[in-house]
Amino acid sequence: MVKITKSKIDIQQVIESVAGLQSGGIDVFIGTTRNHSQGKKVRGLEYEAYEPMAVNIMERLVRQVNETWGVRASIVHRVGSVPIGESSVVIAAASAHRDEAFKACRFLIDELKRVVPIWKREHFEDGTVEWSRQSHEQVESQ
Amino acid sequence: MVKITKSKIDIQQVIESVAGLQSGGIDVFIGTTRNHSQGKKVRGLEYEAYEPMAVNIMERLVRQVNETWGVRASIVHRVGSVPIGESSVVIAAASAHRDEAFKACRFLIDELKRVVPIWKREHFEDGTVEWSRQSHEQVESQ
Amino acid sequence: MNITLKLFSIAKDLAGFDERQVQFNEGDRAEAVLRHLAGLNPRFEQWHSSVRLAVNLEYVSNNHPLQDGDEVAVIPPVSGG
Amino acid sequence: MNITLKLFSIAKDLAGFDERQVQFNEGDRAEAVLRHLAGLNPRFEQWHSSVRLAVNLEYVSNNHPLQDGDEVAVIPPVSGG
Chain A
0 MVKITKSKID
10 IQQVIESVAG
20 LQSGGIDVFI
30 GTTRNHSQGK
40 KVRGLEYEAY
50 EPMAVNIMER
60 LVRQVNETWG
70 VRASIVHRVG
80 SVPIGESSVV
90 IAAASAHRDE
100 AFKACRFLID
110 ELKRVVPIWK
120 REHFEDGTVE
130 WSRQSHEQVE
140 SQ
Chain B
0 MVKITKSKID
10 IQQVIESVAG
20 LQSGGIDVFI
30 GTTRNHSQGK
40 KVRGLEYEAY
50 EPMAVNIMER
60 LVRQVNETWG
70 VRASIVHRVG
80 SVPIGESSVV
90 IAAASAHRDE
100 AFKACRFLID
110 ELKRVVPIWK
120 REHFEDGTVE
130 WSRQSHEQVE
140 SQ
Chain C
0 MNITLKLFSI
10 AKDLAGFDER
20 QVQFNEGDRA
30 EAVLRHLAGL
40 NPRFEQWHSS
50 VRLAVNLEYV
60 SNNHPLQDGD
70 EVAVIPPVSG
80 G
Chain D
0 MNITLKLFSI
10 AKDLAGFDER
20 QVQFNEGDRA
30 EAVLRHLAGL
40 NPRFEQWHSS
50 VRLAVNLEYV
60 SNNHPLQDGD
70 EVAVIPPVSG
80 G
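Chains as they are written, first to last, in numbering that gives the first Met the number 0: chain A, 0 to 141; chain B, 0 to 141; chain C, 0 to 80; chain D, 0 to 80.
For the record, the hints were derived by calculation from the structure and aren't laboratory data.
Values in this document were obtained by computation on a predicted structure and should not be read as measured data.
Some hints here could point you the wrong way.
Sample of chain B residues lacking proximity to chain A, with all beta carbon distances greater than 10 Å (derived) [claimed, not checked]: (1) SER6; (2) GLN11; (3) GLY19; (4) GLN21; (5) GLY43; (6) GLU50; (7) PRO51; (8) ARG59; (9) VAL78; (10) SER80; (11) ARG105; (12) ILE108; (13) ARG113; (14) GLU124; (15) THR127; (16) VAL128.
Ranges of calculated distance between the beta carbons of each label pair, as one might list FRET restraints [as the list claims (entries may be wrong)]: (17) PRO82/A / ASN62/D: 56 to 66 Å; (18) LYS40/A / ASP12/C: 21 to 31 Å; (19) GLU50/B / SER49/C: 49 to 59 Å; (20) GLY126/A / HIS96/B: 21 to 31 Å.
Quick reminder that beta carbons are idealized off the backbone N, C-alpha and C, glycines included.
Just chain A, with the same shape it has in the complex (with noise of 0.2 Å):
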C-alpha cells in the first residue's frame, strides 16, 4: 500500500496491510514531527507534496523491495498540516527474516527523504516560517 493522506495516519492498519500469515517479522519506521528544529522551537509544521510523481517513486521503491528481499511493505505520508507529536510518515516491511525487514525499512525511509517529491515547512515559534533544508546535501550529491 501506498499512500498520501490529509488525516491522521492509522499506525495500526499500515502494519496490518503488510501482515500475513506467513511473516514472521514486521519492521515499522515511524516519523513524528518535532517541537524543535535548527535550535528553535517550532509551533506547527504541514507537508506539501507532488503527490502524482511521489506516490509513483513510492510505489517503485516498495516494488524494488519486494523484489530485492522478498519483502511486503507499505509507506503512508501525510500531508497538510500535522500537529506535534504526530506521525508524518509510517512506513511497514514484513518478511519472514528480520534482516530483511529491517533492511527493506531502512532503504525505504533512506530513499524517500533521498528522492520522493514531498516537502516540510516549519512555523517557528518566533513568528518565522521556513521551507526545510533537511535533505539539501543529499540532493546535491547526486
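Starting from the known structure of chain A, arrange chains B, C and D on it as the hints suggest.
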C-alpha cells in the same frame, strides 16, 4: 517499558510508551507467529518465560540502548498461547535520529533472541508438539 | 511548444505561482525552464545547483529535450519523512 | 545446602517437574545441578553442552560456587521473539 503479558499486545500503546515531543523517528519491530516451521504446518504456539530473569535482562538491554545511543525503548513479550498471525513480541525504539532508532531496535531483538529466557513451543498440524530450537546454535557459540 | 510548469516549495514562493502554461521553442531542453525562472526572479540563480527537474513525473537531466504538452516540475531539495 | 531448582522448556519435560528443593554439598559448583539432572534422566547428557545455568536470575559459568538458598535455573536454548 518492559513487560511480559498473557494478553494480546497493544502495539499502539508500546509505540506511545517511547514517543515524545523530542522524538524524530521511532523504529518498531513486531514478531508475529507463523503458520509454518521446519517445513511443517503449525496449528498453534505457546511461549513460556522465566519471568523475573527475562524482565531483568530486558530492562538491562533497554538501559543499555539508552546509554549507548540515547534511545528510549520498550519491549513487550507475550507468553501463553498466541494465535497464528498475532504478535509475540513488540519492540519500539525512539530517537532524534533514525540511525540510532534502527540500530537500537535491531540490537534489542537480536539480544532478546540470544539471551532472554523465553521459549516457544509449536503445536504442529500432524499432532506433534515441540520446543523450538531456533536459537540452539547461537547459545552454543556463547 | 506548450509546457505546463509546476512549482513546489521554495520555487513556488520565489515565482509567486504554483502552476502556469508557458511557451517554449522547438528543441528547447529542460534547462530552459530554469532560465525562464531566473528571468522571473534573479534569486532563482542561487538555486540552480540544488533544484532537480521532472518531466511527466520522472526525474530528468537538465538537457532532456522538451516536447509539446510536457508537464515540467521544478523540484527543490526534498524534505519529506 | 538447600537449593531451589527451576527447570524450563525441554529440561522441565525431561525431568518431569518444574521446581524442586534439592540438597547439595558445601562447596558444590553449579555444574553439580547438571550431574543431579543426569542422574534423574540420562537423556540430559546430550543437553549439557547447550544448556546454560542461572543463579539468582543471572547467567553463571558451570564452576560458579553454590550457596545455601540459591535459586538455580536450567536454561535450555532460548527461542523467544
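Here is how each hint holds up against the structure:
| no. | hint | result |
| --- | --- | --- |
| 1 | SER6 | holds (16 Å) |
| 2 | GLN11 | violated (6 Å) |
| 3 | GLY19 | violated (8 Å) |
| 4 | GLN21 | violated (7 Å) |
| 5 | GLY43 | holds (13 Å) |
| 6 | GLU50 | holds (23 Å) |
| 7 | PRO51 | holds (27 Å) |
| 8 | ARG59 | holds (21 Å) |
| 9 | VAL78 | holds (18 Å) |
| 10 | SER80 | holds (17 Å) |
| 11 | ARG105 | violated (6 Å) |
| 12 | ILE108 | violated (6 Å) |
| 13 | ARG113 | holds (13 Å) |
| 14 | GLU124 | holds (13 Å) |
| 15 | THR127 | holds (20 Å) |
| 16 | VAL128 | holds (20 Å) |
| 17 | PRO82/A / ASN62/D: 56 to 66 Å | holds (59 Å) |
| 18 | LYS40/A / ASP12/C: 21 to 31 Å | holds (22 Å) |
| 19 | GLU50/B / SER49/C: 49 to 59 Å | holds (55 Å) |
| 20 | GLY126/A / HIS96/B: 21 to 31 Å | holds (28 Å) |
The structure does not agree with the numbered hints 2, 3, 4, 11 and 12 stated previously, though it agrees with the rest.
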